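Protein chains in written order, with my numbering: chain A, 1 to 94; chain B, 1001 to 1477; chain C, 2001 to 2488.
It is worth saying that the hints were derived from the structure and are not from the lab. Since the structure is predicted, the reported quantities are computational estimates derived from the model, not experimental observations. Accuracy of the hints is not assured; some may be wrong.
[To be verified] With a straight-line cut-off of 27 Å between C-alpha atoms, the simulated DSSO-like cross-links for lysine-lysine are:
1. Lys2279(C) with Lys25(A)
2. Lys2392(C) with Lys2338(C)
3. Lys1079(B) with Lys2237(C)
4. Lys2237(C) with Lys1073(B)
5. Lys1464(B) with Lys1412(B)
6. Lys25(A) with Lys2017(C)
7. Lys1442(B) with Lys1464(B)
8. Lys25(A) with Lys2059(C)
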Amino acid sequence: MSLDSQLLDHLLFLSRMELSENERKLILQDFERTLAMIDVMHAANCDSVPPLENPVSQTLELRADEQTEEVDREALQQMAPEVTNGLYRVPRVI
Amino acid sequence: MKWQPVIGLEIHVQLATQSKIFSGAATQFGAMPNTQACAIDLGLPGTLPVLNEQAIMLALRFGLAIDAEIPSKILFYRKNYFYPDLPKGYQISQLDSPIVGAGRIPLGDGSGRQLAIERAHLEEDAGKSLHRDMEGISEIDLNRAGIPLLEIVTRPEIYSAEEAVLWFRRIHALVCYLGLSDAVMAESSMRCDVNVSVRPAKQARLGERIEIKNLNSFRFVEQALDFEIDRQIRCLEEGRKIVRETRLYDPNERQTLPMRSKEYAEDYRYFPDPDLLPLIVKDEWIEDIRQSLPPLPEQRSQSYQSSLGLSREAADYLCVDCTTADYFDSVATLSKDPVASANWIMGELAFANKAAGCTLADSRVSADALADLIRRINDTTLSSKMAKIVFAALCEGRSSSVDEAIDALDMKQLSDEDELAELVTRTLDAHPHQVGQYRSGKTKLLGFFVGQIMQATHGQANPKKLNTLLRKMLDKA
Amino acid sequence: MTEDISASFSLTQLSHKLKTGELSSEQLVTHCLNRIDKYDQPVNAFITVTGEQALSEAKQADRRRRQGDPRPLLGIPIAHKDLFCTQGTLTSCGSRMLANFVAPYDATVVNRCRAAGLISLGKTNMDEFAMGCSNETSFFGPVNNPWDMARTAGGSSGGSAAAVAADLVPVATASDTGGSIRLPAAFCGRTGFKPTYGRISRYGMVAFASSLDQAGVIAREVEDIAQMLNCLVGHDKRDSTSSRMPWTDPLPLMQKGCQKMRIGIPVALLDRLDGDCRKSFETAVAVLQELDAELVDIELPHAHYGVAIYHVIAPAEASANLSRYDGVRYGHRCDSPKDLEDLYIRSRTEGFGFEVKRRILTGTYVLSAGYADAYYRRAQSIRRLIRDDFEKAFDRVQLVATPTTIGPAFKKGEKLQDPVAMYQQDAFTVLANLAGLPCISTPAPPVAGLPYGLHLQARPFDEISLLQAGHALQQHTQWHRQTPETAT
């Protein structure tokens, strides 16, 4: 597998980031090496092996349906970049 | 050419839980902005989701009610995309192995028609972006973020706008009936996305489909589909192609418009959420829920029609939710008059509740009281006119029981034959001229005598008995 | 006096001295703060020091102790890796993104330490979002190895390891996603412990890769680790992956040692070691053998895929975990964004360093349409094979031993241009994260004058065997007692 400039742009769009020209060059070059390292996994014979998403082999525990969280809006919004009247502000969505 | 529209529905139902699906924050509608969004709902660093038991139970309740396949193990996935109302940058949702698999919903009109449900899965709701008229700014309220949603996906086996609404209503009724949700569409606790395509009537292959998002009333579903089906047919007849896209319905202009399309295709990169382990569905949950399921609306409606003699309209009305049907059951049993019970519930009571802004659950008129009222009409204690006055007293809370109201209003109907006979005699004696006229053929004067006696008794004379008695005594000589 | 304290920097000894009144918590905390003043400037182990608060807590601890409070860890100083949220003080995660983030809550780990009476001196430096093994990706600069300031302290818990190595603090919390506790512990000549996945709550610990992340401890001695585990282990209803497995106080069982223990050595994995490292490893396991453990050759047929699949799974999870940093509710926000996309892109571009960006891109790649089956899902299948390899091995042996790293601490900057060489540093450690195993790194004989680590792994929830073997080794060796000259 490899990473071309177009795919890199797509990945940058999906992850909402940008790279400088220099970083771009580095990433394209490093990616090749990283993917080569990763690609050794294709030698493994695992087609019939179910994936293991989590090392814990227990069932999910459920929480009783109770209101347990008190919301201190002021405390939670203290580090918000931009808030007015308790609402987070962002550039217009549509 | 004849065209056939093909429609599928995706219905989002906010489940009626006390707390959110993955946090212990409150879920009431209409709270001050961001006062019900805790650290977990805001996606603060280090916070983790813990699944709400009740969300699982309500989803399973739906699954069992539509006779769906329930998997033994369910998984939650992360669906990745950026949006300001999505705090974590991913929505916890389901992909493979959703909590409710394939099932079916009967139409319940005795026709035996069913709609195939493809699946229903649990996910967390997003917050709300408000775009008030501030230049270039949106404001984000995350109170809704994390409210449990059940997304019900039907098979694309609906073939007209009218039918789509019929099924949407059916699912709405079932959701209310099972107590899954308040399903108040004005509060967005139930909303619908529709997928619609059009194909030549005899073609098996489906046409390219359009999704119309966020329809929150039955009327809008119908209008949006009517417009969209028309638009697609026109498009195809003009030889143009349908391009797959997402559209929004503008109820003011009564048209659908494309959402500003994104430059790139979405790629949600679903993967199992490592913060949530697989959930093993316990057999005892299934057993308990199955035991507690109420008889389904169509079964109950059928039995009202066949064994109680109600009309289909009345039976369906009463079965729209469990509260109404249970209330009716109590009134009908106590009053022993199902038809009158149904009429009162659909008529006077519904009207009064609407006027008072309350529902059956918090109505002042208990099932016991309404049953008493009907009994008092049937045993002729009350005329129907008097019954309405007593009912008003109950609604206004002036009396707590029917008999108390009758006493308080001095409303007992005068039915005693001897007393009535004496009144009649006295009245005839007082009006010899009119008696003469009646007897010489002017029988219309009967009304005059009734009026005199009603006036004297403040309307409490039993009209039926009074009429009989008057005729008997006037015709005597 | 001061050097006295440093010479006996184990929790057991400190706890004893506090109890007898030979030492007060105030003296101890003052001692540590003085050392931080003196030595931290070159080491750069701390991002935040909360001296004043620590001193006032120390006075309070002394009062309580006099009133008969018997908690063994009462009044002992600790430092927290800067990814554990601490209410009211900075939790930066080594990133510009969170350089102003003050959490309105404590991590469960922090809570439990406080409940045990431990006093936090501050927050330790780390690789940005724990992504790295040399501590060179921190927004707050690299951590220098107290044994040789030109070398890395290891990462990502480099600050915690260096702080303990330089005797700035007797114990520090840390976290481990692919080796981030054990590798810096090995590079700094201290004991690092990562319990079974799920043993210690992740609540309030900023996530890197959720199915691999595990909190743990770096300290001087195995006994210190055991005391800390008593305080940290336990189910937490705020973490769905936290375990309900019962925990037994290991302290009374420590003396059992490693008699009759079968210790497996995956010989095929050791091929890549150079002579000095191999010799150090062999010397260390030979001690265990002398203590009556039995060494057995074992195979882990899929272990050589470890680094590859780790660099699929960890970035995949990280790419989603780091999506929440969008400049809307907290964290870095760019100046005057011109529209929403601009807000996202510039806030994230400015807030994340290069390595974090690289890993987000890798994670996005392996999850994206068309690649997810070949990479993400396939990696999870191989992960199962690796876990099954260990399960089979643990039918025959109690512990699996390897070195912690392929070499001792390398020079700063040496591997920055070669991410793959950097990633290979974790070859021995990632396996335990993939399989969820408990593991320990304890000092082995130095290599070229630098600390080196012995790495032991056990079956899930068998922390006790690790502690017993590690303790036995430390009872009969001095490697863990050595202190870097720069810090004396």
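Exercise. Which numbered hints does this structure break?
Worked result: 1, 2, 6, 8
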